[in-house]
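In the numbering used here, each residue's number is its place in the sequence shown (first place is 1) plus 289.
Rather than coming from a laboratory, the hints here were simulated on the basis of the structure. Fair warning: there could be bad hints in the mix.
Computed cross-link-like contacts, PhoX-like style, restricted to lysine-lysine with a CA-CA straight-line distance of at most 20 Å [claimed, not checked]:
1) Lys410 x Lys400
2) Lys582 x Lys556
3) Lys398 x Lys410
Label-pair restraints from in silico Cβ distances [unchecked claim]:
4) Glu315 x Glu489: 11 to 21 Å
5) Gly452 x Met609: 24 to 34 Å
6) Gln325 x Lys465: 42 to 52 Å
7) Leu567 x Glu489: 29 to 39 Å
8) Glu385 x Val430: 35 to 45 Å
9) Glu453 x Gly344: 29 to 39 Å
Even glycine gets a Cβ: it sits at the ideal position worked out from N, Cα and C.
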Amino acid sequence: MKRILLHLTLLLIVAACQQQEQEKYEIIQPDLEKIQTVSLHDYESISLDSTRFIGRIKRIIFYQEYLLLQSGEELYGYNRKDGSFLTSFSDIGRSEGEYISLLGVWIEKGKVAMYDYDAQKILYFNLHGDFLDEKRLMNGVNAFQQLCPLDTGYVGRRTYSNGEVPELSFYDRNGKYIKSIGERYLNSGIIINYPFYASEEAVLYSPYFRNQIEEISPGLCTIKYLVDFKRYNFFNDSNVDEFELLQELVKGKRVATCISNIYESDKYFCFQFLLNGLGARYCVYDRKLKIAKVFSFDDESYSVDSMHTFDDRVNIFVRMENDSVHYYTMPLGTLFEINP
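Whole structure, please, built from the sequences with the hints as guidance.
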């Protein structure tokens, strides 16, 4: 009898541990059969001086009253309230205050940080575009492609090379390599998007082509959200080369993947994703109601470039027929309350 009770007790402990393991992250289930189309013509737009940049917008940062926009190797500052041009941070060259290749941009303690991959240095500017300082890096084989501030250092997505290269690593405030994060390794050097979102105490990270959102703190890396697109889920194996996955997407199968532009507040978790064959879609997850809604902003008069969230507002950047760039902004609460 005692053995039976002991066996039952062990089973209950194991079951409880499994349940706790499952409850460590939230499962988000967007219903792609019920995508709500929102007409941007019902909202006012803000026009940007797009004559200054050519091609795809790589990176957008909202900070206070500023909007930073990277296109190609150029970085520009705008007034986010009226779209007026403020300054250029671009000065390509090899001297102090100049850069060769712009692979990363972020805000650090009120300063604009620009990562020059080729010269292995970080340049710092004030928000008016004035050069302040630069920091040389000496990481060698432990170099990174993309960086995000965390606590007293950084989280970096590593540079691909031969052998087993960890996908993520910690670096100190001087950009010096400290240690690796997790057990996942890079399998290509492709750069698809900026995969980080920084909060005050942690960094959220969205691995390419995967449905999990990881939370990285100075001492821990765990899955925080798992996005389940159900029958639209894409092949989610970290051992497959990203170039092979891109070739699968070219085949045109209707799948949901490439989660990017992640955002989190006390009430919402939001992200952009690709619904292959149809284009970019936007998901809003109400963290209190545990409800996810998906939106489309498509229209024949413009093409949607990207969707970014700041201060609980979604900002939809579109390219008009005359190639001008506008963006529309609306509160997440207003968007979430729109009925199908």
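Here is what the structure says about each hint:
no., hint, verdict
1, Lys410 x Lys400, "holds (15 Å)"
2, Lys582 x Lys556, "holds (14 Å)"
3, Lys398 x Lys410, "holds (18 Å)"
4, Glu315 x Glu489: 11 to 21 Å, "holds (20 Å)"
5, Gly452 x Met609: 24 to 34 Å, "violated (47 Å)"
6, Gln325 x Lys465: 42 to 52 Å, "holds (47 Å)"
7, Leu567 x Glu489: 29 to 39 Å, "holds (36 Å)"
8, Glu385 x Val430: 35 to 45 Å, "violated (26 Å)"
9, Glu453 x Gly344: 29 to 39 Å, "holds (35 Å)"
Checked against the numbered hints given earlier, the structure breaks hints 5, 8 and satisfies all the rest.
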